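Trainee: One-letter residues, chain by chain:
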Amino acid sequence: MTDKTPKLEDIAAAERLGGDRYFAIAIVVLSGGLLALIGDQTQWKAGSALLKQPSFWPGISLAGMTLCAVLYFLQSLRAERYATWDRREAVIWLRCLEFPIWFMAYVFVVPLVGYLPTTVIFCPLLARRMGYKSPRVLLSAALMGAVIVILFKGFLQVRVPGGALYEYLPAALRNFMILYL
Amino acid sequence: MDIVLDGFAILARWDVVAALLIGSIGGVIIGAIPGVGAAVAIAILLPATFSFDPIVGLTILLGIYGSSMYGGAIPAVLINTPGTAVNALTTYDGYPMTQRGEGRRALSLAYSASFFGGIFSVICLIVLSPLLASIAPHFGSREIFLAALLGLVLAVIVHRGQSVIAAFLVFFGIFINTIGLHTATLTRRFTFDLNFLASGINLIVVVLGLFALSQAFVLLVGRDESPETKPVSGGLFQGLGEVFKYPGTATASSGFGVIMGMIPGVGEFMAQFLSYTFAQRRSKTPEEFGKGAPEGLIASEASNNAVPGAAMIPLLALGVPGEALTAMMLTVFYVHNVVPGPQLFQNQLDFVMALYLALLILNVMVLVFLLFSTNMLLQVIRIPTRFLGVMILTLAFVGVYSLRNSAWDCIIAAVFGFIGFVLKRLRLPIVPIILGMVLGQIMEVKLRASMARVKTPLDFIDRPIAFILFCAIVIIIVMHVRTLIKNRKAESAKHA
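Chains as they are written, first to last, in numbering that gives the first Met the number 0: chain A, 0 to 180; chain B, 0 to 495.
Accuracy of the hints is not assured; some may be wrong.
To be clear about the criterion: a stretch of chain A counts as covered by chain B if any three or more of its residues have a C-beta under 8 Å from a C-beta of chain B, and this derived list gives those stretches [claimed, not checked]:
#1 16-25
#2 50-56
#3 62-75
#4 86-96
#5 121-128
#6 138-150
#7 162-171
Restricting the straight-line Cα-Cα distance to at most 35 Å, the calculated cross-link-like pairs of lysine-lysine (DSBU-like) are [said to hold, decoys possible]:
#8 A/132 - B/229
#9 B/493 - A/44
#10 B/423 - A/132
Facing chain B, a subset of chain A residues (Cβ under 10 Å, in silico) [what the hints assert, rightly or not]:
#11 59
#12 99
#13 101
#14 103
#15 112
#16 114
#17 159
#18 174
#19 178
Since the hints were derived computationally from the structure, they do not count as laboratory data.
None of these values were measured; they are calculated from a predicted model.
Here a beta-carbon is modelled for each residue, glycine too, at the ideal position from N, C-alpha and C.
Kindly produce the complete structure, drawing on both the sequences and the hints.
Mentor: Set out below in structure tokens:
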């Protein structure tokens, strides 16, 4: 949260920031690679009009992506400010990859352990990883997890299956846990 | 008048009233927390609303959309941090007023200007409805295709200085939408022989990844911050009437909000930017702008609050969402087999009217709520950012996983979360991806449908509305290219 008042230019226009060139290269490679695969990944229906071909819209979009990616890369090369090979930014991107892993771990554990227990453990664990040490904050995180589960699964009845561990609970409690927690 | 009464009848249900209350108050709270915003909240809640009646689900989402900007003004005015991105210009004059010891006056002005903008847009909608109902049936496949194309062109052009990357992201969105089984020919496109890709990439999964997960990653990676806030002393009632001392600014800014909101692909930023610039130009004290000018604050808040109502016009009348939040709402319509577009205006005008009235009521509810709860909301602003990240990550799981209980959806959302994170770090726009996906699908379907009646390319624009839309697209592109060339020449001259 910055204490600097934003400028109109910050909202209306853009500047090139560190790491921009990594991004530019990545989108050129992605677009070019996908465009090269168009013959393999889509079909050409003989006798059908161009606009009705299954490959028409992928072709248009990938050609557009590739053209824009190349232009963006060229702009990035010409940019005067910041668009250097900023390794610090690349490191931040790599550091971020930890959190999709946390997320996926949560996704895979929920069907095994159950939504409520996993969430009540996951929230304080991640909070601890983020540097919170006070028992009050960790307890708040666990409570927040419980509230989220009760609100969404208990009240709003969103479709999150019961955990495999619930099978070992007594019948009445098991049904309740599967339905509401 | 009958239609208005019919609209009230649709709203007169306990579950709709509860949805209005939850949506509007929830929206204010969410808007007041810097780093969350309406898009994240709507993305997370979207799957949960699928089990409700369309009017209930849409009212909750509309409540969040319409009220988040009210809440976003609080941290913008008091701690110089916009609660939502579109409150950025509010910091310009709101915070200097707080520094002068006029925080209470600034908040009252922000609330009353927001209320003015919100009500102004709803009145415009109600007045315009009969006109829209008569024009909408003239939109056939060709016209809707061209309106969607116009939306994409505008989505690119409004990103000044970022047009190239915005165009790339629009094309990327169109490409994502083509992945999966092509229903017309039953052939696979870019599925890489993976079965989970045959059904395509779900819009909600992408939305949750790009908005919710990416925001969680940004907060978790960033420094932990917990802003200090001082309570506002005294009541907020007395400043409410001050907005009427600047009727020209309030009306013009709300007008900008309505017009910009109606045009697909433009939205709050442009409305705010134009109204602020306009208010500054016509002010007797333009030098005060940015230093705590009440007119600046009114321009910012009235314009951004006039947008949500107006943004419903292209969505409801044509089925063409103009920005990300209405694109998300479109999925609620589809889930319930309510197809927005000309038919909706012809056959279910009472439903449309109910949505307008819901917007009207929620503006009143929010104003009343804020007058009594501002100091309480200051506690919410103080939630540490990394803790918020943990909360959003946990909530994002509900949104993605509850859709189809698919781990693949979660993997795709995580990938898009990372893409969104990188885009946010580079301060590049995210919305063009969503617009590309939604409008790309509309364009593909409508182009195929219109080909049956088109023999030559000229047949495509041989109807008045199609011709006007085509001309608008050409003129906008030509003007944009001219501006680019002019800027390039000016830049070269500066360097020479």
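Trainee: Hints first: check each against the structure and report whether it holds.
Mentor: Each hint, compared with the structure:
no. : hint          : in the structure
1   : 16-25         : holds (count 4)
2   : 50-56         : holds (count 5)
3   : 62-75         : holds (count 7)
4   : 86-96         : holds (count 6)
5   : 121-128       : holds (count 4)
6   : 138-150       : holds (count 5)
7   : 162-171       : violated (count 0)
8   : A/132 - B/229 : holds (26 Å)
9   : B/493 - A/44  : violated (54 Å)
10  : B/423 - A/132 : holds (29 Å)
11  : 59            : holds (7 Å)
12  : 99            : holds (4 Å)
13  : 101           : holds (7 Å)
14  : 103           : holds (6 Å)
15  : 112           : violated (14 Å)
16  : 114           : holds (9 Å)
17  : 159           : holds (6 Å)
18  : 174           : violated (19 Å)
19  : 178           : violated (14 Å)
Consistency with the previously given hints fails for numbers 7, 9, 15, 18 and 19, ordered from lowest to highest.
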